[in-house]
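So the sequences go chain by chain: A and B.
Numbering (the working numbering) for the first sequence: 34 to 142.
Numbering (the working numbering) for the second sequence: 11 to 122.
All clues stand as given, with none of them false.
Examples of chain A residues lying across from chain B (beta carbon under 7 Å, computed): (1) L76; (2) N128; (3) D129; (4) F132; (5) A134.
Derived SDA-like pairs (lysine to any residue); straight-line CA-CA distance at most 20 Å: (6) K67/B / N63/A; (7) K67/B / N127/A; (8) K87/A / E110/B; (9) K67/B / Q36/A; (10) K67/B / Y125/A.
I should point out that these hints are in silico values taken from the structure, not numbers from a laboratory.
The C-beta atom is built at its ideal place from N, Cα and C for all residues, glycine as well.
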Amino acid sequence: GIQVEQSPPDLILQEGANSTLRCNFSDSVNNLQWFHQNPWGQLINLFYIPSGTKQNGRLSATTVATERYSLLYISSSQTTDSGVYFCAADDYNNNDMRFGAGTRLTVKP
Amino acid sequence: KAGVTQTPRYLIKTRGQQVTLSCSPISGHRSVSWYQQTPGQGLQFLFEYFSETQRNKGNFPGRFSGRQFSNSRSEMNVSTLELGDSALYLCASTQQSNTEAFFGQGTRLTVV
Numbered sequence: 034g035i036q037v038e039q040s041p042p043d044l045i046l047q048e049g050a051n052s053t054l055r056c057n058f059s060d061s062v063n064n065l066q067w068f069h070q071n072p073w074g075q076l077i078n079l080f081y082i083p084s085g086t087k088q089n090g091r092l093s094a095t096t097v098a099t100e101r102y103s104l105l106y107i108s109s110s111q112t113t114d115s116g117v118y119f120c121a122a123d124d125y126n127n128n129d130m131r132f133g134a135g136t137r138l139t140v141k142p
Numbered sequence: 011k012a013g014v015t016q017t018p019r020y021l022i023k024t025r026g027q028q029v030t031l032s033c034s035p036i037s038g039h040r041s042v043s044w045y046q047q048t049p050g051q052g053l054q055f056l057f058e059y060f061s062e063t064q065r066n067k068g069n070f071p072g073r074f075s076g077r078q079f080s081n082s083r084s085e086m087n088v089s090t091l092e093l094g095d096s097a098l099y100l101c102a103s104t105q106q107s108n109t110e111a112f113f114g115q116g117t118r119l120t121v122v
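Chain A extracted, bound-state conformation:
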């Protein structure tokens, strides 16, 4: 199955700073999503983005499918952005979404 790698594993920012999280995947993807896991464990959908660019407020994401990576941008970070961000992808042959190990973001006031 597809392999998903995220970087960096940990990121510490000051409030107001911008950040870029990266997700590399090993094969062509049929589906790629970004999630934020809240303190209670639920995965909150951020973007469904198998290709192209999307924006939602201070967050945006870009997937370059031909080069097998996706980027999540967080601008003007806030303390409430803290948590773990996951990238997940599945390929055309399987119906199982594979997750990266996540990026743990800490935003300090």
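Once you've looked at the hints, dock chain B against the given chain A.
Frame of chain A, contents of chain B only:
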């Protein structure tokens, strides 16, 4: 529209017991997938059901099983519980395969 509902939210079981977890998908969604999250292994795929059929299974022992009912609700069962089964179990709902997945709040299982 109601989201994905998982019950129970928390569970404590003893080694050797069995447990059944439930997941109700978003109305109209026919695919349900299950994942296990542990600090050591991260998020791992367990299985996927679509229209009452298991279509894909992850690399877990036979103690882990599941089923899906005609209303798309799904259950997963773990028999002969081990300490290592302590984890957050997450269920995802999709309208059909390979489309946007939505997750429930999870069931946190502790085996003592």
